[in-house]
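Chemist: Now for the letters of each chain:
Number of protein chains: 2
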Amino acid sequence: MNGVPESNPGHLAALLREGLPAEAVLSDPDVTASYANDMASFCEAGTPAVVVLPRTVEEVQHVMRTATALRVPVVPQGARTGLSGAANASDGCIVLSLTKMDRILEISPVDRIAVVEPGVVNAVLSRAVNEHGLYYPPDPSSWEQCTIGGNIGTASGGLCCVKYGVTAEYVLGLDVVLADGRLLSTGRRTAKGVAGYDLTRLFVGSEGSLGIVVRAVLALRPEPPRQLALAAEFGSAADACAAVCKIMEGGHVPSLLELMDRTTITAVNDMAQMGLPDTTEALLLAAFDTLDPAADLAAVAELCTAAGAAAVVPADTHAESELLLQARRLSLTALEAVKGTTMIDDVCVPRSRLADMLDGTARIAEKYGLTIGVCAHAGDGNTHPTVCFDAQDPDESRRARESFDEIMALGLELGGTITGEHGVGVLKKEWLAREIGPVGVELQRGVKQTFDPLGLLNPGKLF
Amino acid sequence: MNGVPESNPGHLAALLREGLPAEAVLSDPDVTASYANDMASFCEAGTPAVVVLPRTVEEVQHVMRTATALRVPVVPQGARTGLSGAANASDGCIVLSLTKMDRILEISPVDRIAVVEPGVVNAVLSRAVNEHGLYYPPDPSSWEQCTIGGNIGTASGGLCCVKYGVTAEYVLGLDVVLADGRLLSTGRRTAKGVAGYDLTRLFVGSEGSLGIVVRAVLALRPEPPRQLALAAEFGSAADACAAVCKIMEGGHVPSLLELMDRTTITAVNDMAQMGLPDTTEALLLAAFDTLDPAADLAAVAELCTAAGAAAVVPADTHAESELLLQARRLSLTALEAVKGTTMIDDVCVPRSRLADMLDGTARIAEKYGLTIGVCAHAGDGNTHPTVCFDAQDPDESRRARESFDEIMALGLELGGTITGEHGVGVLKKEWLAREIGPVGVELQRGVKQTFDPLGLLNPGKLF
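Here the protein sequences come in this chain order: A and B. In terms of the UniProt record's numbering, the first sequence is numbered consecutively and its last residue is 463. In terms of the UniProt record's numbering, the second sequence is numbered consecutively and its last residue is 463.
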């Protein structure tokens, strides 16, 4: 439907340069090709016609007006650390990279907000607000690279969500350039506000398919005390999951509650010689950022022991805690090293079904003869079964994709969702319809049509 | 546009009775007239053709199918405690009261969720989850009457929002009967989930204009310790507002931070002889539900004193705290007694602008020669300037409406919103466009068109 002006990419670049500096429009095919992908495996990606790197809202408006005039699709990108292919280029598209719009415009300790451009890196914002005694919680594993715009596009999560929630809960208001180049302001900079439909939230997780976020008002919290962690070793994943349920049922509010299975532990040890206890079947990491974390950890240690933990090791210092978290943060990279390639599932189930999810995943790994490591934001029921495979082996690749899909089917069966925090992108688009049903798809398409009637924004993603 | 079958309400009632028990379809004009209004002043209300009180999802579907077939508008209602006229009937409409769908379907301490029908009263749910050691925070002043469905429709707030946020943050998933009678399930029952556009959040605050919520999955928290409060007396509203800024800037997280101005204090004393210090210009109430609330109160007391408080009185017991909160909860009723009628503004500004908001409101009261009492969720910057007037006096009524509007204009000027928690309804519909702008209105209308192409759901509300 969308005309792809393959015949004349030079004309497109020339028109874009009418509103952008020359160096902000890249058209060398060798360069533009390097913008084709995010970090997801098994996702098709096309060849961009041109890559633009605007620095102002007006420049983004010019890009969208040009795209609309020529009917050229636009694929917005942040740091391309996404895991679902949502930022993958389509053939002949304009890749709209927001990475140069990276200014923190305001930090207000009284109003507890930050106003930022989309290209601000998550960790840069986190450190900047820390200096004001404030805290921006969402912390995806890629936080040192990923951008706030990308976090908003994918509605990303992280390790601290079990206490502090996901990106969506921190987005108060947005400035968005629409497909036709007009500017929309949504939401607010106040603590509360209910004027009209919540369009702000509609953009969060929309993977750039409804408009281009060019400015965000983010909610901040006071910086909590530094967290202190413990590690508990279990002889079975089921026991570890039972401990998770007991901890949450007991009214505890950990700032982190993570699970690593034996495959993951071994992979981390192999890569980083961290000396994790790889004789155990599951390692649970819990942390508290309360005024008396040792007391909270003691209560949780007791619950872990009652649930069958073989050993519980509380960190005495923040340095020890950080080492444990470092192991967790390395998990995906370590699993990638096992066979060279991974497909990372992101199934979130009610935490009461976490044990069933882990058990089922182990059965799927056995059925397909594959290594599938699981690390999980256990307190949220958000698992990342990670299929390790050799992409050069066609049969193993096929089995990897089949097992990946079967894991999603299991998640839906258990009352869960196909994606807790990574988004749908290209990787899971066939599964979105299974989760939300035909009525849901129809209405979501209606929303898309309202915002992007020509279908130019990130076509082929979501549905 | 919508055919109003005034000619044959009997036919409508008969068709409705084909799918509902006889007693669930009320058509006696004396009875149906009593369903015309919510609690807002100055809002037009029409005469319903019929009132239906379904008990099942299927019955709601029958109502909507009938309405669609006959092109009859439908106005959904909860307890009608709303303050914006959002539940007011339109002429010839079906009033769809959800009050009989009042079952709590599930409470899960492990998953920290409740699944409820829309007619469950807020306080009933709160008490039910308390029995499981859980907490459902949103607590509008009408919590003993208002329903969860109404809370969702109006995105309502309450006293605890400063720490725990508003209704929207507790709605994980919804079952919604669409205008044409089809059933849509949105969202999830998991802690996290980002599959597709966030339609759940779109329904929160949509005032029944997009669909009929028939089931909600709500997030719960562990029950916190009981809160302990203090009262601080100030010689000026500006000093009280400065204290609010210092408290929030200082990283404190009160579970309540409320302000009552002199007019409000006097009104409460007049009504309930509570012995509040009505020689002061502003009373600040702060509370903490932490493990050591006395320590937090002491720190806040110090900040209040530094900001110029004439006296700071910490409650020693929960009973004393409750008495203070009781005074705050009585404020609107007490202000109503001043002149017989009130119009309650709901302007929320960045808390750094709270003093300007109160100062400006006092000037508006003087300009119009009116009594305007202000109570405020001060920690959120959410003010309720309450215009007291005699509805029998046409000139005073005119001035009341003008001052009410001028207060909203002031709020927008200060970077705020026309509604922090009461919604738009009929009362503020002309102001919504001023807040969200023409592009926002166009997109919101597009969303409405997607969900309700015939315009049957609560027509005339929002925009």
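The hints are simulated quantities; they were obtained by calculation from the structure and are not laboratory data. Treat the numbers as computed from the prediction; the structure is a model and nothing was measured. You may find that some hints are simply not true.
When chains are identical, the list treats them as one kind, so a pair holds in a single copy or across two.
Here are the simulated lysine-lysine pairs, BS3-like style, with alpha carbons at most 27 angstroms apart [what the hints assert, rightly or not]:
id	residue 1	residue 2
1	246	367
2	429	163
3	163	246
4	448	163
5	100	246
6	339	429
Chemist: Give a verdict on every hint.
Modeler: Consistency of the hints with the structure:
no. : hint      : result
1   : 246 x 367 : neither (31 angstroms within a copy, 61 angstroms between copies)
2   : 429 x 163 : neither (29 angstroms within a copy, 37 angstroms between copies)
3   : 163 x 246 : both (16 angstroms within a copy, 26 angstroms between copies)
4   : 448 x 163 : neither (32 angstroms within a copy, 34 angstroms between copies)
5   : 100 x 246 : neither (46 angstroms within a copy, 36 angstroms between copies)
6   : 339 x 429 : within (26 angstroms within a copy, 60 angstroms between copies)
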